[in-house]
Amino acid sequence: MTSKFDTLSEADIARIGQLVEALDKSGFDYLTLELADFRITVGTGAAVPDGVAAAPPSPAAPVAAKAPVSAAPQATAPAAGAAPAPAAEPVEEGLVDVVATTMGRFYSRPDPKSDPFVTVGSEVTPESSVGLIEVMKLFNAVTAGVTGTVAQICVEDAQFVEYGQVLCRIRPSA
Amino acid sequence: MTSKFDTLSEADIARIGQLVEALDKSGFDYLTLELADFRITVGTGAAVPDGVAAAPPSPAAPVAAKAPVSAAPQATAPAAGAAPAPAAEPVEEGLVDVVATTMGRFYSRPDPKSDPFVTVGSEVTPESSVGLIEVMKLFNAVTAGVTGTVAQICVEDAQFVEYGQVLCRIRPSA
Amino acid sequence: MTIRRVFIANRGEIAVRIIRACQGLGIESVLAVSEADRDSLGARIADRAVCVGPASATESYLIAKNMVAAAVGTDCDALHPGYGFLAESPDLAQLCADNGVTFVGPSPEQIRRMGNKIEARRLAEEFDIPTLPGSTRVGSYEEASAVVAETGLPVMIKAAAGGGGKGMRIVTGTGQLRDEFARAASEAGAAFGDSTLYVEKFIANARHVEVQVLADSHGNVIHLGERDCSLQRRHQKMVEEAPAPNLPEALRDKIREAAVRLASRFGYRNAGTVEFILDQDEGRFYFLEMNTRIQVEHPVTEMITGIDLVEEQFRVAAGKTLRFAQDDIVFRGHAIECRVNAEMPEEGFRPSPGRISVWQPPQAPYIRLDSHCHEGYLVPMFYDSMIAKLIVYGTDRAEAIDRMTRAIDRFHIEGPATTLAFQKRLICEPAFRDGTMNTGLVDRMLAGNREGKQP
Amino acid sequence: MTIRRVFIANRGEIAVRIIRACQGLGIESVLAVSEADRDSLGARIADRAVCVGPASATESYLIAKNMVAAAVGTDCDALHPGYGFLAESPDLAQLCADNGVTFVGPSPEQIRRMGNKIEARRLAEEFDIPTLPGSTRVGSYEEASAVVAETGLPVMIKAAAGGGGKGMRIVTGTGQLRDEFARAASEAGAAFGDSTLYVEKFIANARHVEVQVLADSHGNVIHLGERDCSLQRRHQKMVEEAPAPNLPEALRDKIREAAVRLASRFGYRNAGTVEFILDQDEGRFYFLEMNTRIQVEHPVTEMITGIDLVEEQFRVAAGKTLRFAQDDIVFRGHAIECRVNAEMPEEGFRPSPGRISVWQPPQAPYIRLDSHCHEGYLVPMFYDSMIAKLIVYGTDRAEAIDRMTRAIDRFHIEGPATTLAFQKRLICEPAFRDGTMNTGLVDRMLAGNREGKQP
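Protein chains in written order, with full-length UniProt numbering: chain A, 1 to 174; chain B, 1 to 174; chain C, 1 to 455; chain D, 1 to 455.
Hints in this document: simulated from the structure, not taken from any laboratory.
Here the structure is a predicted model, which means the values were calculated and not measured.
Be aware that a few hints might be false.
As the list claims (entries may be wrong) - Estimated spans, in silico, between C-beta atoms of each pair:
| no. | chain 1 | residue 1 | chain 2 | residue 2 | range |
| --- | --- | --- | --- | --- | --- |
| 1 | C | 447 | D | 75 | 42 to 52 Å |
| 2 | B | 116 | D | 2 | 52 to 62 Å |
| 3 | C | 289 | A | 99 | 34 to 44 Å |
| 4 | D | 26 | C | 446 | 27 to 37 Å |
| 5 | D | 205 | C | 289 | 51 to 61 Å |
| 6 | B | 120 | C | 350 | 32 to 42 Å |
Cβ coordinates follow ideal geometry from the N, Cα and C atoms, glycine included.
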């Protein structure tokens, strides 16, 4: 067996030193750095709780150890857009999410022949419809809720959306 | 098994030295570094509770979630004295542990009528016996290994001791 | 017709149980989750989880059209309702049928008819299955005594409107009937604003015995033995076992045969349970109702038969012929289940939701745990309080009881309070140990024995 | 005499298995651990763990006097040896006896006699149990042909000194004997510096069938059916099942009866396994050896009988009478076990120790996992490479095979390489599926089929 540090260059070692210094100057208690096959922890006091509290491997759950599966669609929808956590996608500051008030099929236009209710750039008022959600032939209009301009459309026409899924984002007018 | 260091190159040792220096200059308590097949921990005071990395709650183990059970005796011996981790008991600086070279029954005196081999304060040389460990009527002398004064006796006469258990601690003479 | 992807319209341990059956059969699973269940174990192990609404069940798990819309929207060809929620909703089954989704259960018609107690009772009588004498609504003393003349004494008089023992009276002597009737009527009126009463034969020494049946769509029906669920608190089952102890073999056969007859004359399909009340003194049994779904306590039947009931549900729902004839079923040993609820026995069993800080279940070859819980899991306040089903198998009933007792001792849970210690007391009761318990045991213990305060 | 506290002189999954049996019986457990096993799962769940030496087994788990000294030193009244290590050491059993510690197993004398292959063979013959013709050492062609005259052809000639197929020759025709003998002798001489050979009847189409017996100290002996362990790589079992498939019932009964006769004529006590080689072409079986301990593959027997073998070991060791007569044993369904080893099939199955980064076993009612591993566990390099036993039950063999196949697909392990994918290929082999495999299957697959490289 060759050097354990084969995977670590001199530069890496130096950088680790820098990290330690940087952290030292900072007011933080610990730093954890994880790469593919590399993990470093520096800190004071107790060791870093490894996210155990949040979602621990469950005795009952073979797969619980993996990252929590978001309830976001995996097949039919652009998952990121549908993920509950805004963090799922870099979101521009100050945009307002318009979310699905019920799960169902999203329609971006009143009928196949018409134009979409809104497109990026459309001006909207709180009452303007941004789309319809159909559940068992029952259509529910989704309204913008704010006055502003449509900045992003996050779902496609005729896509199945979940409850709470972000449909579009609006830049409120100042 | 030959030297534990077979798997570490001179260069490795040097690099570890750098890391230790970096940590030393800093105000931190410990540093943990994990590579594919290699893991290092540097620290002061209590060892890093490496619970998360080394011993996570196991799907297979209902009780694995509880704090790692030290292999130290729980019933017959003063557990703290036997615990492998030095952290188990505040230990005076610079003392040398004399540990059990085999598991068995520890005898502090050559025979019930004699005085103990050593008591706190006794002067010892590397060859001095500090006690006997009996396994199936076979008695093994345990020697001090250093020159100095007995500072602590950690086990009782006729107590069952584990392999590696600390029997006494010696303050080496300068 | 084969099932490729199934939508699971449920949550908690049964969702996990169903997903694992899917994995075992190579069927994809899509799980409905409310906002509160997004990160549940079920959501983690399902191939996909779909948020169908907010935490409140009435806005999520209880909306049939949403469930079916979600099943269709996620391209599922079947739907499993589990138990509770919409499991016995004819509408859900109908919506599935209308939308070309295979409902893993009986037909909407069968659910509807068995769901109607009067209709179910009529069916049982039609198939020559004994039903409880009386059980009719009475508005006056005269009507009441007419019923009594037919049923004989003792009878139970209770408010037609409500349950929970309110306005409940046991009448043992003819002389008391008039007074008891009057008191019960006024109590009922006061409690429910409706003084209509219900009179039925009272069985003092009763046991709850139910038979698991399994039927395919080709007219084949078998039973998988019976379960005894006599340990109930206010009609809530706490401990179940299979087979039923202390049952004369001739009587056991009669009960099993009656259940199969009901299911087969009725043309029933999929898994179902026929519930009976057993009069231990007279050695007679009476039809109570039929549950047209998989039941909470199905694991005890699985333990003594070696058959995976949920897997078989999928097979027969897909139109396959039963893989077993009645003679293929080998019953062996004894199984007991405790429903572990997050409740405080010492405070009237009020729910005790919250974060589970320690979860260390016992493990051994003959211990089975069905649960969706784990350390760090937050037991939500929105749903029922069952957090696990602890099931043990023994070569005989005594071994099963011992194993359960030790298993409970080894089950460490911190965070929510649970019913485990109380259930340990139950199975250690002499009446249970020697198999002579009846449906009144739990409530008697609670009423009489105040150590109930420190279970 | 009852057992209050037991010392477990073993490690890994069997230590965990034994500790859980103790918990089920209310027996305290003290586990021997080497320095490498201080933090093992066994150490965590045992009531106490005692460090008996450094990591190297020869300095820890293999020192009989230390084990007994530790048992005495921790006030244990019994010792369970598990399998491997000192499980079949007469010295350990003797030391226990000398120190008043109940050995959970047979007497030292019985271990010693069955441990001596010549003696064991003599005993089998004495009890009229067929043994393999030949199996004698020969130094010259003349001796060899004398043996052949008695056994008939074909015969196998192999080096008496070594194993691993070195200098192994199959002789089918009398004409070849002289040449083959010469070649084998010179090969053996070259390889082991000893040209002595071993001649025995060669069984081309052989299966490994073994019978589980259980005996108390009052002369009662029963069998718990047989296991088929024909899937072996270089005599290492990889997949085991119960019952043995494709066995004419008459033959099955004969084999079971022979095992019981051996154990009872021998006066055997505790759990044991009698191994036979089955000649599928001639429908005959021959005694191989008797293992005087619990065996790795005991779970498949537990799955089809519902009996906890380790618990029963403690009962009979404590002097209790067997709880079962032969007729009480109900065999149901089919069970299969895969020994999951941390090995690289594509590199000649060399061990692949290391840290387990992902450990997600499949879970379902009829899947059982016996293991000491968990995420974050470092598989030590000092001991054998078995990290788990994956066991499934099915109502029949086909269901068990399907269940195992899917269970393997669902078992996610990262860190060490494992044999699982290879075992999936094994159980999917047509010869295994239809139960016509023989002990040569695995090595033939490895020799022939080079997809073995990407299992």
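Against the structure, the hints:
no.: 1; hint: 447/C to 75/D: 42 to 52 Å; verdict: 46 Å, holds
no.: 2; hint: 116/B to 2/D: 52 to 62 Å; verdict: 39 Å, violated
no.: 3; hint: 289/C to 99/A: 34 to 44 Å; verdict: 43 Å, holds
no.: 4; hint: 26/D to 446/C: 27 to 37 Å; verdict: 29 Å, holds
no.: 5; hint: 205/D to 289/C: 51 to 61 Å; verdict: 58 Å, holds
no.: 6; hint: 120/B to 350/C: 32 to 42 Å; verdict: 59 Å, violated
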